[in-house]
Amino acid sequence: MRRRTPWLLLLLLPLIAGVQRELDARLGRYRATEEALFVWSGTAVRRMAPGLENVMADLYWLRTVQYFGGQRAFDRDKRFDLLEPLIEITTTLDPRFELAYRYGAIFLAEPWPQGAGQAEAALRLLEKGAREMPQSWRIRWDAGYFRHLFMDDPAGGARILLEAAEIPEAPYWLRTLAAAMKSKAPGERGFARQLWQQIHDEAEAAPIRRNARLHLDYLDAADRRDALQALVDRFHEAQGRWPRSLAEVVRDRALLTDAAGVAWDYDATTGRVRIARLSPLWRLDRWKAL
Amino acid sequence: MDAGRLSRIAAVAANTHREAVRERVLYNLVFFAIVMILSGLLLGQLSIRQDEKIIKDIGLAAMDVFGTLIGVFLGVSLMSKEIERRSLYPLLAKPLSREEFLAGKFLGLSFTLFVNVSVMAAGLYATLLATGRGADPALLKAVLPIYQGLVLVVAIAVLFSTVTSSALAAVGTVCVVVAGRYSDVVRNMRDVVPDAPTWLIEGLYYAMPNFRNFDFKNRVVYGDPVGWNDIGFVTVYWLLYLALTLGAAAAAFRSRDFH
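In the order they appear, the protein sequences are chains U and R.
Using our numbering, the letters of the first sequence map in sequence onto residues 74 to 363.
Using our numbering, the letters of the second sequence map in sequence onto residues -12 to 246.
It should be emphasised that the hints constitute simulated quantities derived from the structure, not laboratory data.
Only a predicted model underlies this, so the values are computations on that prediction, with no experimental measurement involved.
Think of the CB as a built atom: it goes at the ideal place given N, C-alpha and C, for glycine as much as any other residue.
Be aware that one or more of the hints could be misleading.
[Said to hold, decoys possible] Only some residues are given here: those of chain U computed to face chain R with a beta carbon under 8 Å:
no., residue
1, 121
2, 123
3, 124
4, 125
5, 127
6, 128
7, 131
8, 135
[Stated by the list, open to error] Rough simulated footprint, nothing fancy, chain U against chain R, three-plus residues with beta-carbon under 8 Å:
no., stretch
9, 163 to 173
10, 201 to 213
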């Protein structure tokens, strides 16, 4: 009997595997675990592990990534309730964990169901990062970009990017990005034009100068388009119909094309004036994210 | 110090080291520390572009935590064993003073810890090299203070085991080490208890071994400059505290009646 015992035990293995397979089939291969956070404050976790704050931050960050990935990939309801507290704990434990701010903000800001759809929480996180790491232009770059992209505030975004550009070692293109963002803000084109003109005049490399020229042309085109749109709207108010073509409202033929010399895309059924797809300026008009 | 005294201390130290490396628990702890350091390889993969930071954080934390466990275990067990098993008596009957015995024990344990920390540091460097990261020599500026802290843990464990049983010595050592890690909380105690007398807070703060002094992990991992001046001051603090602890241990050991 004693000799047979190891063989009998070996027989148990396929039995266990069979039962496990049955359980997987019944309960699903990837079973969402009940997520719980027992400590909600980074300061409390910090107190629990003196001298080991960094490694605790790493562990919380790994948990954040797993939680986000798990919710996104496997959870049907896709609730991201623990995301903000997990990132808060991570960044309180290690206030210099730059990527936790940056990726954490992406996880939070992405619209549901790709992310948590909490753009304001993402911006709060990036603001905390900017306070903790005043020399990090990358966090401010993200903050400016997010403010434009998710909060629809290009002027605020551009202001943050210009602050970032003042940080030593910040790249010069932050200014160009700020200028491009300003171009999107109503009433801010004058400032954007100044910035692009400055970039154009100071740039030594031809591609940078060409890019600045293109943006200046776009600003001109945007002004011209808005003026045309105002004329079209006024025509509609006076005549009760949209003009059949732009020539009906504009005498000067030069105004019938954008700064690149391409005719406007005018929709006579809706009265909308747009930069035409054929124009090299169309890309800048469409590119909301810059 | 005469040559005879030195050779007696060296003999006790060598025996202590030999005895320590026979302990199975020591190997288990070192094994787990190495596994933890190597786990940085896997955890780094899950972390989104933070593998180097995580490998370094985990490696240094493993050295710190497992080193502390080894320090408490070795410091308490090897000293208390001699007393509880009465193997100390024939030794003291020989021309070997109690101070020499204590110094030999302490040096043997410190050397054992040095070997362990070296093995763990080699594991950390191997992990970094395996992931294509350079062998950052600045890491040694975190490893050296960790080792100093661990030696202080051993000294405290030796002090406790000269005055009490092994169980109580282990509890006492752990309490002092944990309290020493919370030294900043003690210093800021008035924020929570405004009525607490300043002399009490300051007395506690300066009397306890401040283990936060030996923590350069964060600065080293983030590549902040760590001056040798800072490490020098920490070394002075360490030597002074070692002198105090071992002096107290020697006094207690001298006055202890083993009959």
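Structure-based check of all given hints:
This hint is violated: residue 121 of chain U has a C-beta 10 Å from the nearest C-beta of chain R, more than the 8 Å allowed. A distance limit of 8 Å between C-beta atoms decides the matter here; for residue 123 of chain U the minimum to chain R is near 4 Å, and the interface restraint holds. For residue 124 of chain U, the shortest C-beta to C-beta distance to chain R is roughly 5 Å, which falls under 8 Å, so the interface hint holds. The beta carbon of residue 125 of chain U is positioned within 8 Å of a beta carbon in chain R (closest approach about 5 Å), and the interface hint is therefore held.
Because the smallest distance between the Cβ of residue 127 of chain U and any Cβ of chain R comes to about 5 Å, under 8 Å, the interface hint for this residue holds. Evaluation of the residue 128 of chain U hint against chain R yields a held restraint, the C-beta minimum of about 4 Å falling below 8 Å. A least Cβ separation of about 5 Å between residue 131 of chain U and chain R falls short of the 8 Å threshold, and the interface hint therefore holds. For residue 135 of chain U, the shortest C-beta to C-beta distance to chain R is roughly 5 Å, which falls under 8 Å, so the interface hint holds.
Counting residues of the stretch 163 to 173 of chain R whose beta-carbon sits less than 8 Å from any beta-carbon of chain U gives 4, enough to reach three: the coverage restraint holds. Taking a C-beta to C-beta cut-off of 8 Å, the stretch 201 to 213 of chain R contributes 5 residues in contact with chain U, enough for the three needed, and the coverage statement holds.
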